[in-house]
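Asks: Sequence:
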Amino acid sequence: MSKDNRVAEILKAARSLLRERGAEAFLTSELAERCGISEGTIYKYFASRRDLLIQVAEEWFEEFLEDEHPHDRELPFRERLLQVIRKNLTIIRSEPSLTRFLLSDLRADPAYRSMRIYQQNRQVAKGISQILEDGLRDGAVRADIQIRTVRNMIQGCIEYQVWSYLRGEGDISIEHSAQGITDIVVRGIAVEADKPSELAPVVRRLEAIADRLSGLGA
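Residue numbers (the working numbering): 55 to 272.
Hints may contain errors.
Restraint ranges, calculated between C-beta atoms of paired labels, are given here [what the hints assert, rightly or not]:
1. 203 x 84: 40 to 46 Å
2. 218 x 75: 19 to 25 Å
3. 58 x 196: 46 to 52 Å
4. 74 x 180: 28 to 34 Å
5. 88 x 227: 29 to 35 Å
6. 88 x 222: 35 to 41 Å
7. 197 x 58: 49 to 55 Å
8. 196 x 59: 23 to 29 Å
9. 218 x 164: 25 to 31 Å
10. 101 x 214: 22 to 28 Å
Derived from the structure by calculation, the hints contain no laboratory data. Positions of the beta carbon are idealized from the N, C-alpha and C atoms, including for glycine.
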């Protein structure tokens, strides 16, 4: 088997094992048995167990980015925002173990910003920012909003919404969650919803979430 095929086989089996066991119980010895190779062969292609898991996460992110279709700019602002939030929730729901590894382990790594997955995550964030910028340009979004802050709010809401699911405390409703997050964000930033006296408490809560997440490299 060629090197590329062997690496692809190991990554595929590792992803399957990670889904079943989670990162904490992931053993390269079990992975080697599933692949029909020695454990030493795995370390011929991967520097460490952690390096292997990081590459699995990077491959997952790459699939997400490749599958992301261009957003239809003819759609209303709210619909575009809903689509991207729904897509993020769907990806997380499909890979809970990988998501836990990313959020709990990689995000806390001092070397996170030097990793390829950090750049991949920035691409995802850039997609959200682009929708907000288009809304601002088209007059659908208030002129006084800060794009980065609102983007962090959206990503923070998505992460907070899925944590109980990631802990194994039941399923999540993608559509209900996506609609809820979209509604609260749009009400706070849309031109037609510019009512500070009514929205101030909501905005303050979202800003607090954004502040807590500002150090995560999103």
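Asks: It remains to establish, for every hint, whether it holds in the given structure.
Replies: These are the hints, each one checked on the structure:
1. Hint check: residue 203 to residue 84, Cβ distance near 44 Å, so the stated range 40 to 46 Å holds.
2. Our hint of 19 to 25 Å for residue 218 and residue 75 holds, since their Cβ atoms are close to 21 Å apart.
3. The supplied range of 46 to 52 Å is met by residue 58 and residue 196, whose beta-carbon atoms lie about 50 Å from each other.
4. A beta carbon spacing of about 33 Å between residue 74 and residue 180 agrees with the range 28 to 34 Å that was offered as a hint.
5. In this structure the supplied range 29 to 35 Å holds for residue 88 paired with residue 227, their Cβ-Cβ distance being about 33 Å.
6. About 23 Å separates the C-beta atoms of residue 88 and residue 222, a value inconsistent with the hinted range of 35 to 41 Å.
7. The hinted window of 49 to 55 Å between residue 197 and residue 58 holds, with their beta carbons roughly 51 Å apart.
8. Distance hint for residue 196 and residue 59: a CB-CB separation of about 53 Å, inconsistent with the stated range 23 to 29 Å.
9. Range check, residue 218 to residue 164: about 28 Å between beta-carbon atoms, so the 25 to 31 Å window is met.
10. One distance hint, 22 to 28 Å for the beta-carbon pair residue 101 and residue 214, is violated here, with the actual separation near 34 Å.
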